[in-house]
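Protein chains in written order, with my numbering: chain A, 1 to 236; chain B, 1001 to 1493; chain C, 2001 to 2275.
Simulated from the structure, these hints should not be mistaken for lab results.
The structure displayed is predicted, hence computed values, not measured ones.
Mixed in with the good hints, there may be bad ones.
Said to hold, decoys possible - Stretches of chain A that chain B covers, calculated by requiring three or more beta carbons in the stretch to come under 8 Å of a beta carbon on chain B:
1. 24-33
2. 36-48
3. 86-96
4. 144-156
5. 225-232
Cβ atoms here follow ideal geometry from the backbone N, Cα and C, with glycine treated the same way.
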Amino acid sequence: MLLKRTIPVAIAFVVGLWFAIQYYVPTSFSERSLTWASNWAKILLGFAYILGLYSLVHVHWQKIRRGQPGYGYSLLVYVGLVGTLVLGLSGEVQTLVDIATGKAHHFADFQAYSTHDKPIPNFSSGFDWVYNYVFYPASATMFSILAFFIASAAYRTFRARTIEAAFLLIAAIIVMFGRVPIAAAVHRAIPDVADWIMANPNMAVKRAILIGISLGTIATSLRIIFGIERAYLGGD
Amino acid sequence: MDRARATCWRVVAGALALWCGAVAAAQDAAVPSTPTAEPARAAVPVPERVWIEDTPNDDGRKLTVRWLGADGEDADGVEVYVELATKPDGPWLPAAGPLPARGAWFRDLRSEYGPFTPSGTEAGHAVVVEPLSLDPIAPHRLLELAMMPPGDPRRVLGEREVEAILGKGALAKVREIIAAHGVKERAGIAGHVEGRILEEVSYFVLERPWYARLVLRAPGRARRIVAAEAPLAPQQNLFNLRKLNNFVFMVLLSAVVLIMIRRARRNPDLYLRRIPGLDAVDEALGRATEMGKPVLFVHGLNPMDSPSTIAAVNILGEVAKKVARYDSQLLVTCADPIVLAVSQETVKEAYTHAGRPDAYRADDVFLAASEQFAYVAAVDGIMMRKKPAANFYVGYFYAESLLLAETGAASGAIQIAATDSFTQLPFFVTTCDYTLMGEELYAASAYLSRDPLLLGSLKGQDWGKAVIIVVLLLGTILASFDIGWFDALVQTY
Amino acid sequence: MDTQAQGDTTTTRGDRIFYVVLTLLFVGLSAWSLSGETGHRFTAPDGTVSWLPVGRGPAWETLGVLVAAGLTLALYSFLYKDNPFFKAAEHIYVGVGLGYSLVIAWFQYIKAELYFPLVKYWVRDGVQGQPDYLLIVPLVLGLFLLARFIRPLQWLSRWSFAFIIGFGSGVAIPNIIHANVLQQMQSSMAAIEFGNVWLAANALCALLGVVSVLVYFYFSVEHKGAIGVVSKIGIWFLMISFGASFGYTVMGRMALFVGRVQWLIEEWLRIPLSS
Chain A
1 MLLKRTIPVA IAFVVGLWFA IQYYVPTSFS ERSLTWASNW AKILLGFAYI LGLYSLVHVH
61 WQKIRRGQPG YGYSLLVYVG LVGTLVLGLS GEVQTLVDIA TGKAHHFADF QAYSTHDKPI
121 PNFSSGFDWV YNYVFYPASA TMFSILAFFI ASAAYRTFRA RTIEAAFLLI AAIIVMFGRV
181 PIAAAVHRAI PDVADWIMAN PNMAVKRAIL IGISLGTIAT SLRIIFGIER AYLGGD
Chain B
1001 MDRARATCWR VVAGALALWC GAVAAAQDAA VPSTPTAEPA RAAVPVPERV WIEDTPNDDG
1061 RKLTVRWLGA DGEDADGVEV YVELATKPDG PWLPAAGPLP ARGAWFRDLR SEYGPFTPSG
1121 TEAGHAVVVE PLSLDPIAPH RLLELAMMPP GDPRRVLGER EVEAILGKGA LAKVREIIAA
1181 HGVKERAGIA GHVEGRILEE VSYFVLERPW YARLVLRAPG RARRIVAAEA PLAPQQNLFN
1241 LRKLNNFVFM VLLSAVVLIM IRRARRNPDL YLRRIPGLDA VDEALGRATE MGKPVLFVHG
1301 LNPMDSPSTI AAVNILGEVA KKVARYDSQL LVTCADPIVL AVSQETVKEA YTHAGRPDAY
1361 RADDVFLAAS EQFAYVAAVD GIMMRKKPAA NFYVGYFYAE SLLLAETGAA SGAIQIAATD
1421 SFTQLPFFVT TCDYTLMGEE LYAASAYLSR DPLLLGSLKG QDWGKAVIIV VLLLGTILAS
1481 FDIGWFDALV QTY
Chain C
2001 MDTQAQGDTT TTRGDRIFYV VLTLLFVGLS AWSLSGETGH RFTAPDGTVS WLPVGRGPAW
2061 ETLGVLVAAG LTLALYSFLY KDNPFFKAAE HIYVGVGLGY SLVIAWFQYI KAELYFPLVK
2121 YWVRDGVQGQ PDYLLIVPLV LGLFLLARFI RPLQWLSRWS FAFIIGFGSG VAIPNIIHAN
2181 VLQQMQSSMA AIEFGNVWLA ANALCALLGV VSVLVYFYFS VEHKGAIGVV SKIGIWFLMI
2241 SFGASFGYTV MGRMALFVGR VQWLIEEWLR IPLSS
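Let the sequences and hints guide you as you build the complete structure.
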């Protein structure tokens, strides 16, 4: 109980309280502590990727093992994963081999330094290839599918016959047309109305939502810091 | 060895000092200093008082040099240079300037002092200086060195921490990168001494006294030098007064929330308005059970330390409890591995809490993908193949929101979104059956659990909103009548 | 996993035609573009675009463009329906994406933040400098995360969770007050210019928007009577704002698609569209 619950709650309390106060304390220790914690969070994320790797590999392994329909696609996940890892980390592995065979003095060779003492990854050109011809085009394509989905979402709104939907639709149409050159040709007021909507009602709502969110955030953070909300800790 | 190194440094520093002095002398020489040519012009006016103050609200790296006077009519064309030194007799490092002697102005003072700018500055001059930033070695040299190809003799071999003289006289610990040339080369390339990581230096606060002086120059007139009254060491400050309003707001709001939570403990019957999106959760889960189809919970992209994600995990806990009671399958997709681990823990606990620990399967809470659009592709695929009866989108979303929600709508699922991402709200509103907007995301776990303590904090949030509305109305009215002090209460620096 | 794991697996005749057409389209156009005279698009470092004859460009790049074009078409085929092409592209993409994340995690998180400042001094002898012993804390917390693989020690990961979540919660409070409360309030408290009806109306409208939406978010008061009316106005404001944001985004999204098609035409089909 102490180890499983009290200590985690205490960690969240101490860390949370300090970083809520740290913001107001300008000493160099205070500023360094923020840098430390941000870097520590990165390190934890690095370790957590092993959990993520296990999760993805395991889910797809189950499909392959059971021979579920479409398990062949799961093999493709492995192809992409292993291929990218090999290309991305081959330079690192090479260095390890060099160290083992005495060719290299040190794993952290000079390539690792920039002004910020961060490594300049020594990627193979193969890793760049995967990024340029697989990862990037796939991302850009998925992103651009939005062009179709935004149209179907608009259509969906068009079918909803409520006064709220009408407000939404009218504002959407005005602003959308206000941003294309032909709008001014149809009626010169359209771009002005569009700008007015963006500058007044839209901005006001944005402010109100941000204020509301901050209150919610503060309350949620307090509940975490004071150990009232601890769903993340699991059971005993 | 250390002594040799120190000597080297002193030589370098001395050379630089000489060089600086030579440059300054050359500049002086360049000025046609012929006081006899213009006998009508008076000498450069001298300030009545020059002194150093500690710059508040900082980590002890800044000083403020202030002076009074020397801004009358005969100060036309006079330029002021501020110089610093660690010893009363120099060497002097140029810290600021040229600054016009005429007119009262306070460079950076308001941004450094915030609302507590000292009185009297209206009549004087002030400039904020950073003694430690006066290092003559440009940091970009390091990059050049580090980029040397393998085999180059300048290649870096290792690093060590040394005490070095910076800014001619200031001692600081720096990390030093050692090139194959070793010490010999370092002495030889003065001006770009090889790779010392200068950003590290800023952390070594030098609480040593600094001397300041003003150098006043005007074309055709004799230069005047005025020393500051006493040396001063920059101090670290324990509280940043510029953020006082923020602090007061935090303390007040936290107090209100905590008091409301306390009161809720005693009086657990609190009214809560309906939130249709959360009332629909039961309907959606019931439908999933009837259809024998899974429920899909889609996390946003933000990492675990983001408040949106923390709220999402709390909601996940409540949804998972309900799913366990309804005896349907819950699938949770994550894009961040820490969110994944926390979600697994949360769902497992919820199932145990609902008395169904056997129903928990770790593989149902999984990392669908680790990158934004790969996540979209994977979750879209799941929605089209498993046809979940209900989709929850909870957390902070980016451009992927519409790609997910449209696919979900096309697959025929009941969709409930909860996000505080202002830019993505329109897309959820148009494609989901129910959308929890902004603050509602943070209220959801309280609403679903009906835990009096959580409800109490909602009440605290409402009080916060009431105060903000009053302040807004009051502020607008006062601003309309040109009363500015109220606006200063919410000023940020 | 249930039998519906792969969803709607029935393939209609229309689907088959679609698959065949898509395959032929890709193969045919690729072959046409490879045999074309227009050649490679070559962007010089100064930004000028020229066209090299086929065979001059590196083979890997040519293959890359074909792979990228194939992936693009396969992912677009999702617009028709979920299909084998999309599934294949999706799974490869997910694998590559995770691989990419892992490589970045190694270089930017583990190697940069943990290996260099700390572990390196243990791995090798004779490294000059001082290890940053504070990093033992995240090292231990990171290992605690990995303890999730050992069932009896799974609870150790909660310490790491507590650190991350506590850190996030603590940092959030003052920063969000700064950005979302003070700054927003400051811009909301604009003076109402009584002399100018138009400006005064605008200021009042914005004020009404902020207040009514805040009232809409009230949880502990029933939305009836005056509160109900104001919160209703708040909903209308919300809807107008969402509509505006929606409309504002449309053209940008269209541009994304246009950009993608442009890429296909220029890089894959090698038809110069400009210069």
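Results of checking the hints against the structure:
Check result for the stretch 24-33 of chain A against chain B: holds, 8 residues qualifying (beta carbon to beta carbon below 8 Å, three or more required). Check on the stretch 36-48 of chain A: 4 of its residues sit with their Cβ under 8 Å from a Cβ of chain B, so the three-residue criterion for coverage holds. Interface restraint, the stretch 86-96 of chain A with chain B: violated (0 residues with C-beta to C-beta distance below 8 Å; minimum three). Coverage of the stretch 144-156 of chain A by chain B holds in this model, with 8 residues showing a Cβ closer than 8 Å to a Cβ of that chain against a need of three.
Requiring three or more residues with a Cβ within less than 8 Å of a Cβ of chain B, the coverage given for the stretch 225-232 of chain A holds, as 5 such residues are present.
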